[in-house]
Amino acid sequence: MTSRFGTRESPAAGAGTWHPAVDLPNWLNPCGRPVYAMVPGEVTLSSALFLSIKTPEGFTVSYLHMYKSDRIVDVGDQIAASQQIGAMGNVAPSSGCHLDIRVNVAGNTNPEVAKLRVYDAAGGGCVNPIEVFPLFGIEICPADNCSHV
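In my numbering, the protein residues as written are 1 to 149.
Worth flagging that the hints you see were computed from the coordinates, not collected in a lab. Incorrect hints may appear among the rest.
Under the rule of at most 25 Å between Cα atoms (straight-line distance), these lysine to any residue pairs were calculated in the SDA-like manner [stated by the list, open to error]: (1) Lys54 - Glu42; (2) Lys68 - Pro40; (3) Lys54 - Leu116; (4) Lys54 - Ala81; (5) Lys68 - Ala87; (6) Lys54 - Val73; (7) Lys115 - Leu135; (8) Lys68 - Ser46; (9) Lys54 - Ile140; (10) Lys54 - Tyr67; (11) Lys115 - Ser46; (12) Lys54 - Pro111.
Small disclaimer: the values here were computed from a predicted structure and weren't measured.
Hey, can you work out the whole structure from these sequences and the hints?
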């Protein structure tokens, strides 16, 4: 993990010091590695920087820095968990090829997700992804093969 959730030094021009996400690099294959949806839902946004999927439980998972040309889903598509949605990229602001994952809980109906601390500074309802995904049996950065820097 190259950037944790919360306050940080800005790693690139245009990047903020408050980081409402976690950044996962791919050291062996810097760009182009497949990106898979962590949870099911509907694609609600596909902008230059964001690809956002709203879950049936109302919270939204966003995947950032994938090039639009490398995305294989679009707004309105229904996505299954573990379905490939694109490839890792380096869309600015960025200091290298990586995947930024963030979770916004506005509209959430999942009682376990509702127990998590919401960070208003993160743009109106973000929670730490490291705390969300274990609720669904997903470990974003396992200690045996991921470094928490």
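Cross-check of the supplied hints:
no., hint, result
1, Lys54 - Glu42, "5 Å, holds"
2, Lys68 - Pro40, "20 Å, holds"
3, Lys54 - Leu116, "18 Å, holds"
4, Lys54 - Ala81, "12 Å, holds"
5, Lys68 - Ala87, "9 Å, holds"
6, Lys54 - Val73, "13 Å, holds"
7, Lys115 - Leu135, "11 Å, holds"
8, Lys68 - Ser46, "8 Å, holds"
9, Lys54 - Ile140, "19 Å, holds"
10, Lys54 - Tyr67, "20 Å, holds"
11, Lys115 - Ser46, "29 Å, violated"
12, Lys54 - Pro111, "16 Å, holds"
Violated hints amount to a single one, hint 11; each of the other numbered hints is respected by the structure.
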